[in-house]
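Chains as they are written, first to last, in numbering that gives the first Met the number 0: chain A, 0 to 412; chain B, 0 to 604.
Any given hint could be a false lead.
As the list claims (entries may be wrong) - Stretch-level coverage of chain A by chain B, calculated; a stretch enters the list once three of its residues show a Cβ under 8 Å from a Cβ in chain B:
#	segment
1	159-173
2	211-224
3	275-286
4	307-314
5	325-334
6	345-357
Unchecked claim - From chain A, some residues computed to sit far from chain B (all C-beta separations above 10 Å):
#	residue
7	L62
8	W140
9	G144
10	A145
11	I148
12	S183
13	S235
14	D240
Source of the hints: derived by calculation from the structure; they are not laboratory data.
Ideal Cβ placement from N, Cα and C applies to all residues, glycine included.
What follows is the residue order along each chain.
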Amino acid sequence: MRSPNEIKSGTCRSRQGKARQLRKIDTAKLSFFQQFLPIPWSLWPSESRLLITLIAFWSLAGLLILGSASWWVASREMGDGAYYLKRQIIWMGASWSLFFLVISSNLRSWLKNAGQGFWVGLILILTTLMFGRTVNGASRWLVIGALQIQPSELIKPFVILQAANIFANWNRLCTDQKLLWLSSFGILLLLILKQPNLSTAGLIGILIWLIALASGVKFFSLSITALGGLLLGLTSILINDYQRMRIVSFLNPWEDPQGNGYQLVQSLLAIGSGGFFGEGYGLSTQKLQYLPIQSTDFIYAVFAEEFGFVGSVMLLLFLMFIAFLGFRVSLKCNSNQTRLIAIGCTTVLVGQAIMHVAVASGVMPTTGLPLPLVSYGGNSLISSLMIAGLLVRSSLESTGLIGGRRDRNTLRH
Amino acid sequence: MSRPRTSRSRGSRHLHHRVIPLKKIPANRIRLVFYILCLGLFGLFGRVTWLQVLQSPSLQARARSFQTQRTKPLGTRRSIVDRNGRLVALDEERYRLWAHPVYFNFPGDDPQLTRAPIEVARKLSGLIKLPMREIIRRLGDRPSGVNLIEGLDSDSASVIRNLGISGLDLEPYPQRVYPQGNLFANVVGFLNQERVPQAGLELSRNEDLLRNEQTRVLRKGADGTPLPDDLAPGVLFGDDLRLQLTLDARLQELSLRALTDQVRQWNAHKGVAIVMDVHNGELLALASTPTYDSNKYWKYPPARFREWSVQDLIEPGSTFKPINLALALQEGVIKSQSTVEDNGPLQIGGWPIYNHDHQAHGVIDFAKVLQVSSNIGMVKTMNQLKPELYWDWLHRLGLNTSPDTDLPGAVAGQLKSKENFVTHPIEPATAAFGQGFSLTPLKLAQLHALIANGGYLVNPHITRGFPVGELLVPPNSLKRQQLIRSDVTQIVREWMESVVEGGSGVGVKIPGYRIGGKTGTAQKAENGTYKPGSKVCSFVANLPVDDPRYIVLVVVDEPKGGNAYGSTVAVPVAKQIIDGLLVLEKIPPSTSQARLHSSTELGQN
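Excised from the complex, chain A in its bound form (with noise of 0.2 Å):
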């Protein structure tokens, strides 16, 4: 047992006394920025560089399209065109605080740790059905104070961990283990389905259902789980009457552009007057009130509107990098665990962008999701960031440099 693992800690022995040289070296001369990172910038590996830079880009875009998108229906319903814009800067630094949090922190002790918080989150849920803010019919929030919790977003980072520790080990589960967490999943998606909240419990599902796939399932009960998930979709699609209008004003929103098919039409009107090179930033006039939760479950047609076709495909093509990278660093990781976080990662990521857009352009049926980062929200922003910072640091611990058991253990063998 122990001689691969000792010929693999001699590598890591070497390079980590590199480092430790080249940490000497430095000291002197580190940088303030330094002191954030759990290792040197120079060991960081080329994914991880460009996630970091990637994403920091992602976030000042995001702001930027969010200033744009809510700056008019600010300055109408709150008297401030930087309302929307202020808050959201604010939580934007919360969660980068979140995310050096979390790209500083072994993986190991949030795999550890990720059964209770996945617990919290669903205890949480679960009050939200009691106590919590009804808005449009849905109650998704819990007040405390000034801030507003949406669970639902908050248990997304512990749902990629936990779905890691499970099926990372899918084979030596016990069957009781098994049922108990594939029945625990199953109890979230219906409460969040309860909420009701088809969306996040579709991004929730697919994001199990994937890690699942990517662990090595069999496909056959893969088949037989998304079989099942459709069944509970269907299901609450017909109980639901909301859900099942939205359904048919999905499948022929010209039918009613004034009831309910108004919020697709706009958005579809939004995007299509875009054109190929966009109205130019600032520009849209969809936004100006025509086009309902702008800032939010919609701002993608307001980017579209703005930056047209050619940046619609930007952004695909950015999400497309993001998900390479998400994939080249799961194939780097060491363990079965910060493999599957890095690919439940880049899936939520980039999946929930796809829905995003998917809703917003009409493909799917109209059910609010938010755009990672760029979306207004505080609970979508500490969510995303966590979770990429997740995705970052199994790049950075797939170097081998830090995380996994302590360095310590091996360097002292």
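Given the coordinates of chain A, work out where chain B should sit on it, guided by the hints.
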């Protein structure tokens, strides 16, 4: 290759510990997830291409139709103001209230809820002049498009708008309002319910009064905020030009009141009072009675919608005598000191001619001829003028052509043909005392302006044009032709002054002011014969005599009563108008002596 071996070796160890082997997660499964994400992205690429490249033109067109608002021109008209900028006609914004009961919903309601008509009626009943029952009756069972009420002013419209009831729609429309009521109706005219001009300046200057509003295409935010892009130049530009009249509302009102009183008192048919600037032809007052209220035109007989003083002909009678004397002077037939013998009735061409009082006045000068209004003296004087020459003069004065005026519907006077005039001696004889031909009161005013201004024919008019901004239009530049020598008119004016000093026009005499005048009491002809007892009483004055600025003409048609003469019917009206005119135009007394006189008189008062 080393990795699988590693895991296998690890696995064998686990097997030894009764642990199921832990395989490293296969890369192809992770790749599969990546491919699934890529598949999603490609799908979106296809969708985005469809929406933003292929469907973009039609979606953009649809979006624009959502976003842009075409404001159709309301067809507003320019205002009309008097010479001092006082509003005579203007467009007020009024509102039509439409109800669409299927959309009835109060602010704060569930969007799906439809309120009953009675709830809306209860809210509206205090705000519009309709009882609740009537509102409900009008709403009936109709789903939408109910025209509840018209003519709401902007205040009540904004109150209704602030209720925020959906399903109520306020449609603005302009309404022509004439704040001066009947004061200018005779010249301004009116618009009918469809806003089609029917009479007066509204009709004759329709093209100029219409504001050339463009259809405005404006992109707006959903809350109605206009966006500055795609805006055609000038669409937000609206001129506020106003048509300015030469009339003075105060003088007009004074004239109309004096005239109306007199016409009523004498039970006359109709009357007109004209005040005209003799130098440029501007009318300061053109009061006509009976008239109508432009705001309620439907209550009056349509015959009143025309201004009779420019469209109806009268025989001027004695008020024409000063014109004839000017012609005689101009042609050298008489001199300023000449006299004529008035020795009673004459027979001309078999027709008897009398003075109005059937008396003879003996040898009299021409001041006296005017003072006593001697027909015989006039006939003898004008008899010295060759009929051809006389006719030519009447023609040159434009008696039988319509005057160049902006007053709608002005007609030409009627003069016998030259052949008739020359061959029948009675024609020049009757023309000598203003009978046998006819003209409009406006033409008569123009001819007297000629006497007053030194022999120039000026065009009588009531509009000045469209002043720009706050400035009022300066009086028109003088464009006039001289027909009579100024020394001739000077003599005639002095003769006319004597009429006011000691003749039939003594009624307008105002201490300190030199006023010339002439009364007239013409017989009315109908179907070629003179109607007994029906007369046209008139009086014309010019003032101040030394440098006349204004003429005042009053004509009253068919006053009843034996004592109805120019001096009794028309002079009192002219007196009131002249009193007002002196004050309004701040005309100083004529001489220093007179000024002194008037001031002592004031002092005595």
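* Could you check the structure against the hints above and give me the numbers of any it violates, in ascending order? => Those not satisfied: there are none.
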